[in-house]
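Order-wise, the sequence lines are chains Z and R.
Residues in the first sequence are numbered from 1 upward in steps of one, following the working numbering.
Residues in the second sequence are numbered from 1 upward in steps of one, following the working numbering.
Just so you know, these hints were derived from the structure itself, not from any lab.
Ideal Cβ positions, reconstructed from N, Cα and C, are used throughout, including at glycine.
A hint or two may mislead.
[To be verified] Covered stretches of chain Z (chain R as the covering partner; in silico rule of three or more C-beta atoms under 8 Å from a C-beta of chain R):
1) 64-78
2) 162-174
3) 178-192
4) 199-206
5) 402-408
6) 522-533
[As the list claims (entries may be wrong)] A short, non-exhaustive set of chain R residues, derived as facing chain Z with CB atoms under 8 Å:
7) V17
8) T175
9) A177
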Amino acid sequence: MSAVIKKSAPIKLWKFHGGVHPPFHKDESNQTPITFAGIPAQLVLPLQQHIGIEAEPCVHVGDSVYKGQIIASANKIGLSANIHAPTSGKVSAIEEKPLPHISGLSGLCIVIETDGKDKWDESKLESYVDYENKDTKKLLERIEQAGIVGLGGATFPTAVKVAGSLNEKQVKTLIINGAECEPYITCDDRLMRDKSAEIISGIGILQTMLKPEKCLIAIEDNKPEAIEALRLACQEDSNITVVPIPTLYPSGGEKQLIEILTGQQVPANGLPLDIGLMGINIGTVYSIYKSVIEGEPLLSRIVTITGNGINKPQNLEVLIGTSFNYLAEQAGGYTKMADHLIMGGPMMGFALENDQIPIVKATNCALISSTTMLSESNSEYADQPTLPCIRCGKCMDVCPVKLLPQQMYWHIRAKDFEKTLDHNINDCIDCGCCSYVCPSHIPLVDYFRFAKTEIRNQEIATQKSDLSRDRHEFLLFRKERDKRERDEKRAAHKAALQKKKAEAGKNGDATKDPNKDSKADAIKAAMARAKAKKQERSKKESETKDEI
Amino acid sequence: MKFKTDTSPFFGSNSNVSRVMLQVILALIPGTLMMFYIYGWGILINVVVAIVFAVALETLALIIRKRPILPFLYDLSAIVTAWLLALSLPPLMPWWILLIGIFFAIIIAKHLYGGLGYNPFNPAMIGFAVLIVSFPFEMSQWIQNGQLGSTLPSLIESLNMVFSSVATPDWDAITMATPLDEVKTGLRAGTAYAEIAQQKQFSLTSWIYISVAFAIGGAWLLYKKIIHWQIPASMIGTLAIFSGIMYLYSPETFASPLLHIFGGATVLGAFFIATDPVSASTTPTGKLIYGASIGFFIYVIRVWGNYPDAIAFAVLIMNMAVPLIDYYTQPRVYGHRSSTLPSKKIEGKKS
């Protein structure tokens with residue numbers, strides 16, 4: 001029955017605006033199955049491997065740690081995720097180290113000297129093989145504990161994403177993103193081929209929690225083996241459909257994929273959940289499977305190491321915190337052509353200056369390539385300088401968000417950020433299509449990154465000055481108000497006193513307050529008593545004096 | 001190990017400005033050959049002389065402006081400008097008139113505004129406008145075309161006519177008016193359009209050949225995605241609609257749409273001149289407005305203005321409106337409800 005439904009009702013596909021077809025270079029690295037990269041002597045684990053706030057370290061220098069032990073716990077005050085020890089060893093330092101960051105920033109990292117025993121924590125998480133009978137809350141707790149974040153690159157804590165739908169909005173369609181549209185990267189491709197059953201179980205866990213009406217697995221049609229593998233694996237489940245989508249960069253962008261599959265657009269400043277959708281990356285699904293069914297938190301991930309700068313391009317399962325250097329050794333070492341080390345793909349990745357940098361949860365690819373290989377497609381003109389924009393509009397034609405890069409570029413050159421903002425620059429997704437096609441070779445994305453940063457800084461500055469102005473105004477207001485209130489009180493007091501006086505003068509003794517009366521009488525009586533006593537005492541004194 | 005740092009994307013496609021311009025030049029070839037077939041050597045001499053002047057002046061300007069010379073010559077934009085200007089001029093133009101036209105196109109309209117990419121006006125049309133204002137007589141001297149039975153001057157004769165300073169004695173005998181010019185004069189004199197079209201001298205057929213040849217080149221540019229369809233479609237469409245309405249209203253006193261579309265430089269203008277990316281509107285909706293307005297102005301100027309053809313002035317007028325059009329015709333961005341006008345957005349922000 002299910003198989004019939006699947007074949008008779010193919011999913012209608014839509015198109016997003018623009019997109020490009022760069023050379024994909026997938027075959028270099030997807031020929032061999034995933035192997036384990038091994039345990040390096042040292043692991044460096046940054047506290048910030050997710051969107052949000054740094055995790056808080058909960059171990060000290062010198063502590064022994066076991067595999068799977070939480071070494072930094074999610075910060076309670078905001079978006080954050082746990083970080084675990086990927087293997088057993090000793091914490092040798094907690095210090096600032098260079099991060100895999102576009103600007104080469106440093107950040108606090110926990111350094112573990114591994115002992116090679118790979119010994120599990122005693123309190124290893126219980127495996128929930130019967131996840132279908134588990135409480136959603138318990139499953140969610142597990143995902144949170146396991147420190148799982150979006151492994152497609154966004155690194156948004158998965159538990160928070162899932163919880164969002166449980167609390168507010170129902171997910172109608174769950175979208176599993178196996179598009180992998182970036183050139184060179186094949187980690188999801190290989191994962192889908194090698195671990196298809198595990199991935200389907202992972203989807204099962206998500207279905208148990210989210211109860212979507214249907215689930216779509218989108219895979220670009222340049223990965224026929226992966227499509228076949230998942231189709232076979234999900235035959236039993238009538239709710240899951242594998243959807244091959246046309247190969248076109250950036251179809252794997254969450255918003256673009258949603259448009260391809262549903263024809264809908266995520267509202268500006270909104271979330272996919274606002275239109276009943278949730279997108280989850282293949283790698284994330286696999287780690288959900290591992291955490292729930294095998295009880296293993298996020299300790300490793302699949303990394304593609306590829307390019308003509310490496311001897312044996314392949315996919316490796318790598319412990320988080322392994323250095324790029326170690327990874328390169330495992331892949332046969334560098335060739336003579338290792339000019340660039342890029343984390344991520346050639347369209348959206350960023351260059352690292354050296355390889356003594358740890359692999360983090362977001363690292364899906366290490367592309368090591370010669371300069372000529374990267375500019376292969378335009379080698380004739382590789383040395384051609386950047387020419388002025390001729391407004392040909394090719395960038396506009398390929399922009400998946402339908403922006404006008406040529407106009408934004410113009411306004412940014414003039415530092416007119418208000419106009420740039422009018423052209424919705426904040427909707428730019430940094431995909432790089434505009435730079436890719438530009439016949440004048442203008443690094444448009446760099447301009448847009450610059451402008452976005454600049455606009456954000458301006459906004460922060462405006463907010464700050466607004467806040468301090470508000471505070472100052474409130475201070476003035478408060479001073480004024482306090483003074484006014486004081487004056488009013490004083491005036492009221494005065495008025496009351498005068499009124500009383502006047503009343504007292506007018507009415508005389510006629511209408512005396514009975515209370516006051518009694519009080520006055522009591523006072524009088526007391527005074528009289530005191531007088532009497534005094535007199536008595538003075539009398540006695542005089543008597544005694546007389547006696548003496 | 002140290003690696004090079006750079007920013008993404010690390011890939012680039014194989015498109016570049018020279019290739020774009022080269023496609024435009026390729027697309028100009030059918031129309032140019034057709035004009036050569038009909039008007040003889042004068043056309044090719046115009047093109048070659050204009051290109052030589054343009055490259056020389058471009059080099060000079062780059063030297064004076066201290067810009068790298070080879071990359072900017074290699075972009076071929078000067079050649080395209082020269083070629084377009086040469087095609088809009090009558091064949092066998094005296095060389096010094098060509099030089100003046102090219103000077104205004106390259107130096108005044110292009111380099112004084114900042115060179116490639118910075119010119120608000122179409123350089124070739126600035127050159128044309130200067131010439132038609134300054135030399136109205138020379139600009140109307142089209143030689144008799146080969147289609148109508150007269151023999152065309154040979155290459156040597158043509159070179160003589162272009163480079164000698166002495167006016168050719170039998171100039172009048174070999175020249176004739178373009179169809180647009182003829183119709184304009186005829187209608188002003190009170191002759192009915194049908195009657196003018198019957199005259200032996202009327203060369204609309206030749207111009208239809210030329211226009212079709214340019215349209216083939218234009219189709220190539222569309223196919224190669226060098227130009228977008230909006231400007232040619234809206235420009236020719238608007239011109240057809242206006243001339244059609246007026247022709248139906250009074251076929252005696254207004255020329256037929258056929259003449260307006262094929263009888264002059266309309267097709268050349270629609271595919272090659274109005275689509276100059278630097279000076280044209282750049283948004284999809286903007287292009288429609290821009291093209292339609294050019295079509296409208298072409299009709300108005302041709303019918304009620306003083307000049308026989310009107311591509312240059314219509315294009316230049318609309319060049320001025322481009323920044324405004326572009327700002328108010330931004331497409332709807334992904335996830336946004338509508339293409340809210342920028343002004344509204346600012347208001348919203350402030351409130």
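Results for each hint:
1. Restraint check on the stretch 64-78 of chain Z versus chain R: 0 residues with Cβ-Cβ distances below 8 Å, three needed, restraint violated.
2. Three residues within the 8 Å Cβ limit are the bar, and the stretch 162-174 of chain Z against chain R gives 0, so the coverage statement is violated.
3. Judged by the Cβ-Cβ criterion of 8 Å, the stretch 178-192 of chain Z is not covered by chain R as claimed, because only 1 of its residues qualify and three are needed.
4. Counting residues of the stretch 199-206 of chain Z whose C-beta lies closer than 8 Å to any C-beta of chain R gives 0; at least three are required, and the coverage claim is violated.
5. Only residues whose beta carbon comes within less than 8 Å of a beta carbon in chain R count, and the stretch 402-408 of chain Z has 5; three or more means the coverage holds.
6. For the stretch 522-533 of chain Z, the proposed coverage by chain R is not satisfied: 0 residues have a C-beta within less than 8 Å of a C-beta in that chain, short of the threshold of three.
7. Taken as an interface hint, V17/R checks out: its beta carbon lies about 5 Å from the nearest beta carbon of chain Z, inside 8 Å.
8. Using the Cβ-Cβ criterion of 8 Å, the hint placing T175/R at the interface with chain Z is not satisfied: the shortest such distance is roughly 38 Å.
9. For A177/R, the interface hint is violated, since its Cβ never comes within 8 Å of a Cβ in chain Z; the closest pair sits about 37 Å apart.
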